[in-house]
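Take a look at the letters that make up each chain.
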Amino acid sequence: MAESAIAHDHGVSHGAHASSTGLSNNKMGMWMFLGSECLLFGGLISTYMLYRGRVSSGPQPNNIFDIPFTSVSSFILLMSSLTMVLAVSSAQRKDDRNINLWLTITALLGATFVGGQVYEFTAFYREGLGFTTSLFGSSFYALTGFHGVHVSVGIIMLIALVGMNRNNRIPGDKAEVVELIGLYWHFVDIIWIIIFTLVYLIPS
Amino acid sequence: MTIIERPSTEVAIAGAVPVGVKPSEALGVFKRPAASSSWRDWVVTVDHKKLGIMYGVAAFVFFLIGGVEALLIRLQLIAPDGKVLNADQYNQMFTMHATTMVFLFVMPMAAAFANYFVPLQIGARDVAFPRINAFGFWCFLFGGLFLNSSWFLGGGADGGWFMYAPNSSTLFSPSHGVDFWTLGLQITGIASLTGAINLIVTILNMRAPGMKMMRMPIFTWMVLVTQFLLLFAIPVITVALFLLTFQRSFDATFFDVASGADPLLWQHLFWIFGHPEVYILILPSFGIISEVIPVFSKKPLFGYPVVAMSGAAIGFVGWGVWAHHMFASGLGPVSVTVFSMSTMAIAVPTGVKIVNWIMTMWGGKLTFAVPMLFAIGLVTQFTIGGLSGVTHAVAPSDTQQTDTYYIVAHFHYVLFGGAVFGLFAGFYYWWPKMFGRQLSESIGKWNFWLMVIGMNMTFGPMHILGLQGQPRRMFVWTEARAGEGLFNFGFWNRISSIGSFILSIGILLFIINIFYTHKMKKGALTSNDPWDARTLEWMTDSPPKEHNFDVIPQINHLDEFFHRKYEQDSATHSVTQVHSADEVMAELNAHPDEHIHMPSRSYWPILLALSLPVIGYGLIYNRMLMAVGVAMVLLTMFGWAMEPATSPDEDFDPPESGDTHAKELVPHG
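So the sequences go chain by chain: X and P. Counting in our numbering, the first sequence tops out at residue 204, every number present. Counting in our numbering, the second sequence tops out at residue 873, every number present.
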């Protein structure tokens, strides 16, 4: 026990006695954070669902959504989960070049999704749906905007990870760091599946 | 910007061998701060004990600020046609009083105890994420200062602590007070959320070998439940606060009734957070007195598993009772019935705990030291507050009581008579462990009795005032309409105001006690185990070393320390002391661990936390400043990510050969 309980921050490099549960501190911390995030999106989704049926001025959901377009960008986001898995898998095989490759592709797919969202927001705004136009406008932009910010933060983390990996500056266990960001990335994707279904696919 | 250099290694001084660039230095803006004994060490520390003390000091200062606000409220109501405050100032005063007491005193004070004692109680050397721990503290402090800076920038928030919509809109609350309130709570919310993740992982993952969940001290259990409540409640208030900020700063329509919005949305979001919040406030105090009562009764806690599980039950059921705050809002009979029943149900696990504490005392060898007095104060006063709480569960009765002083009486009995008394029990119980000196028992008794008398004089009459119909936020009363005889408003308001001053003298005595004990060196230097306690935090020095334990103990029992001191005769069930506390510690520490690497100090937590109020001020005054704040957040996060939590091994001195007692290695910086 010489290395003490504190050494956990290094990840698994200190051997089997790392934690009481066997899960590393970092991973458990990430799961807790994602659990908390569920409630954040829960609140935003509830707000949208409460207001979606309200009669209000301005454009309505049914005549503004471009389902084929959003379906394509959703597909792109879901594919980024696949490339993220490949990045994690390369990290576990200590295959540095492929880590960077797959992380970069994941970031690019994510950026495509965010770009699509920016385009979509602009189009909606031209059609007369501003943030302040109606309850639908406020709650739609708040919900999808929060999701977009989460994807963007994910992209920043992916790019930072590639940069740090190239300079060999990732502290601790590299495979675990990649996996943690992967967990976050999958979470954000899953949230999008829920948002896409509830907001776009189910007619109000 | 001050840059503290690392002390150079001998090699570097000699210049013989070029020192390789250490990973921790290469990309950071700063070199890692070095150990020092000056105030700087408190700024860059990641030590859970120092952070615990800082949480405590800051929270106590906010407690005094909130107390002054309360006294101004009581001064306004001491006489008819009060002139101390005008209506607007009165609104700000009760809003800021409640916000300060809830978010800036009770929650962080519980965090202070949790930070300090959870790692000690589970036999860990620090928390799971020491830098995040430091970040949480600075977020709380800067958030609290940001919130209170509104006093100097156009006045505080004035919508009541639950800030109901649409009253919180810019139309009805045009000053920046509510903006400071939403953003300030957002920042302290980050403190709570990061603290929750940190403590949950610490408790689940860093227990000493052999410490199963059902061997954890009950305070640690209650902290665990509290942190889960925080983990899931904070994001809900985060959403509500974001929506309100969007509404006030960007003209969104979430609570704009003219656009068809539903003001009940705010009430639901707020209370889904707000009701778990009240258990967040009380459960740590339940934990504290569950430690205190067995020690001063010389008996194990009666029904330990029941106490732990009833705490968890409160944690679960606490999510299903929020709408009892909204009975008067016209929810409809089904909702009212469901929430009415769940509210009655949650009284059961709470009652179970009260029974357990009483049964612990039953037949014990009671010593009425000050911590025990405060613990008994909690049990008694919380029971009164709990009973008036059950009357709120009855919807028809609650509809009468809503927004009257009866509510004020109820929640002050549970929060002041309960939570705050529990925290004071904690001060007196753990003071010797934290500072090595025992607070004066005689001043402590005065402190306790004045607080009991003051508290019951202040809040007891409010039951009568409320049932007579005095509205909760009435800022002035007139003699002509005060009523007659026993139910005269004026009489009971006067009693209540006088009580509040007695109460504050009691609290003043606590401060005097600290000065008496430390400045005048009157407090007795304590042994490591002055109360003959049962749990692990007493099995180390007072105050504990930086690394808490020389050896992480192997845990074989609930109340491990007690079992190392005492043996029970299986035939007669009589308990005899076989070892003194010092003998137990000497035995444990005979072969201290070597190569203990404590987490390293860091600048990043305070810098990251400092960027958040910048964003806040930017959002209120100048969007360019906001951009600066966001840039600061990104930069500090990068700095943070590149820096390993514990300096790499090569930064530490190699152990001197032959010196097996080199217990702690000081990193070069």
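A portion of the hints provided could be inaccurate.
As the list claims (entries may be wrong) - Now the in silico label distances, taken between C-beta atoms and shown as ranges: (1) P:K723 x X:K94: 41 to 51 Å; (2) P:N760 x X:S71: 57 to 67 Å; (3) P:K749 x X:N167: 53 to 63 Å; (4) P:H799 x X:V149: 50 to 60 Å; (5) P:V834 x X:G22: 21 to 31 Å; (6) P:N760 x X:V149: 30 to 40 Å; (7) P:D245 x X:G145: 52 to 62 Å; (8) X:N167 x P:H799: 44 to 54 Å; (9) P:T603 x X:P61: 44 to 54 Å; (10) P:N826 x X:G145: 39 to 49 Å; (11) X:I190 x P:V834: 18 to 28 Å; (12) X:V149 x P:L570: 49 to 59 Å; (13) P:S731 x X:R93: 28 to 38 Å; (14) X:G58 x P:F356: 55 to 65 Å.
Hints listed in this document are in silico derivations from the structure and should not be mistaken for laboratory results. Each residue gets a CB set at the ideal place from its N, CA and C atoms; glycine is no exception.
Which earlier hints turn out false for this structure, listed by number in ascending order? 1, 3, 4, 5, 6, 7, 8, 9, 10, 13, 14
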